[in-house]
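Visitor: One line per chain: the protein sequences are A and B, in this order. Just so we're aligned, residue 1 is where the first sequence starts under my numbering, counting upward by one. Just so we're aligned, residue 1 is where the second sequence starts under my numbering, counting upward by one.
Heads up, some of the hints might be wrong.
Using C-beta positions, here's what the derived DEER-type ranges look like [as the list claims (entries may be wrong)]:
hint	chain 1	residue 1	chain 2	residue 2	range
1	A	E68	B	G19	44 to 50 Å
2	B	A355	A	P339	35 to 41 Å
3	B	L5	A	A39	27 to 33 Å
4	B	T239	A	P396	29 to 35 Å
5	B	D351	A	P47	46 to 52 Å
6	B	F51	A	P47	43 to 49 Å
7	A	R330	B	E8	55 to 61 Å
To be clear about the criterion: a stretch of chain A counts as covered by chain B if any three or more of its residues have a C-beta under 8 Å from a C-beta of chain B, and this derived list gives those stretches [what the hints assert, rightly or not]:
hint	stretch
8	283-294
9	354-360
10	381-392
What the hints contain is simulated information worked out from the structure, not anything from laboratory work. We treat Cβ as the ideally placed atom computed from N, Cα and C, and that holds for glycine.
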Amino acid sequence: MSTAPPGAEELERRVAAFLAAHDPAETEPLAFLRARFDAGLAWVHFPEGHGGLGAPVALQQAVDAAFERAGAPSNRPEANAIGLGMAAPTLLAFGTEEQRRRFLRPLWTGEEIWCQLFSEPGAGSDLAALGTRAVRDGDSWTVDGQKVWTSMAHEARWAILVTRTDPDVPKHRGMTYFVCDMRAPGVEVRPLRQITGEAEFNEVFLTGVVIPDEHRLGEVGEGWRVSTTTLMNERVAIGGRAAPREGGMIGVVTGLWRDRPELRTPAAHDELMRLWVETEAARLTGERLRQQLAAGGPGPEGSAAKLAFARLNQEISGLELELLGSEGLRYDDWTMRRPTEVDFTRRSPGYRYLRAKGNSIEGGTSEILRNIIAERVLGLPGEIRVDKDVPWKDLPK
Amino acid sequence: MSDLLYGEIEDDLRSGLRGMLDERCAWPDVLAGTEKDEPSDASLWRVLTDFGVLALPAPEERGGGGATWRETAVVMEELGRAVAPVPFLTGSVIATAALLAAGDELLPALASGERTAVLALPFGTAPDGPLPSVNAIDGRLTGEIRDVADALTADVLLVPAPDALYAVDAADVTRAPVTSLDMTRRLGDLTLTGAPGRVVAKGEEAVRAALTAGAAMLASEQLGLAERCLETTTTYLRTRYQFGRPVGSYQGLKHRLADLWTSITQARAVARHAASCLATGDADLPVAAALAQAHCSQVAVRAAEECVQMHGGIGFTWEHPAHLYLKRAKADAIALGTPGHHRATLARLVDLPPA
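Okay, chain A solo, but in the shape it has when bound (with noise of 0.2 Å):
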């Protein structure tokens, strides 16, 4: 028996009776974000059964502010980022009813930490160049091949990785899309050492690693469809956060600008003013894209809003470096450390001024970005393809 999906007011009340069913005081923290995930109240606009209740996507964020003003534990969001954003999302497209039930509970509860291994050393914006090879034998697969950029693999439990499986057809055609367990033997998890002095990131050696094949999800060949799905959630997660006005790197130079008078400057003025205007314009961009998704789903303004994102952040680390003139000379910590997340405004501005440089690189070069809006929303002609129907094993590399 099918019925309408619950509105506001039905699901503050679900929010209300479980809050009653499980104090947040009384309850033991994993047991209650599974129990909050079995209620259905975790991703209220995914399926029933898991984790959701089939409402609309626009409803999620009252329900997450009822829960935080009860003090309940927090699934911890931020620790899981390619998880809940992308991870997630291809699961419910792509997955098995099976794979969908043993990965989205642990994955949204924090359980279970995931990892995205897409990029490669020879494959970064022409991600589907990639050429980690797996090969079937029976029920499984058996994966050679170096995986880079990989936040989080060294905490990971599960990763999503796309893999090169028919180097005989052209490359879009030839791709597998896998769950690859982090602990299976053959995964050799290295830090990259980045311009900041940390590492976020990994890079990933997969010698001989056995998958089963029902931790594929899609078909064979179909890597590439499913990747898509991926990378469009991506771009959603990566521009499209939620702040209030003077949130984010804004904040940190506004902050610096009211309690330093000593430091202004007619031209910084004139540049802030700038910056000001046009992060609140990004801002509002933001805010204009999440009701669009409220009201469908993620369209290619995305693309635009990382655009802007890194753009802006580069410019404003920049400001705020040279608005502290000698100051800005001094940087906080160079040792080699294994961030869990980025947080740009407990660092130094030298930090946040280099860890900019990474917002026009990560997730989509700024220049692949314009290609994309330029061919797919704009119809402009794309680039010359030279590769377009030659067989991977063919292209020059």
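Put chain B on the given structure of chain A with help from the hints.
Guide: Okay, now just chain B, sitting in the frame of chain A:
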């Protein structure tokens, strides 16, 4: 948070207007109009009157459309797309907002198209800008006001004096046409020599409200214009071949247009926020209006400039519409305060003082 999307009524209004404007206000007509003596397109104005969009935010019992500034913003977008030479911004937005704030009796005549009013201020006057000095002695007004948009089209002039806002019959004022950068919205210089005025509202409040409404709504015109420029340019780049390839296949152009599209998606959010704040009387309106002008002015100018540049030689000719967009975009950027002025206003409003 304000609703930044378009509703069904707004979508319907847009499609009705766009169809009509494609027919009645095609760019060759607009271009021809810039060389005529008539200061605006009176027959198009009558069609807009029949559409019932002249006073959308005014209540129905006062002859208005009983709608809000949000729907008015959609009209502004469509008129901006068409660079329509009609006194909608000056009459149906700015003057109407002044009369709404004042609760004046003239409103129904404006709503029905029977009369046309404009606020007698230089078109560059920002919502917090200085007002020209006009003397009012016993209800008789004396002074000069330059660069008043649509001054020649209006039959009522709303003249701000130090004590009050006055309605003055245009026949009692000397009006000199100005050869304008934007001939689709022409300016006029006014000379008042003891012209009789009727008090519409005491003080400056109605004037400031009208200018703020104008700034908030102008952003939607700029949005519509920018979108039109982008569309015209992408269409051209798909069909123009050089070196054996469509010009639009070169990244040097594609990437600039992608950036422009990104800016336009932002302009839409910013313009919607301003319209929404104006419609609901939100406390954020002064910030929203200044933000809208600081941002959308620059987006529209860039869109028009890219339109000219990416069309190459043809874009520099009189026979191509690109110059109509460019002149309107640049004039709009100056109208109701420059982006620089609005940034300075924002600095004051959000407490980021200058050096």
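Visitor: Need the list of violated hint numbers for this structure, in ascending order.
Guide: Hint 9 alone not satisfied by this model.
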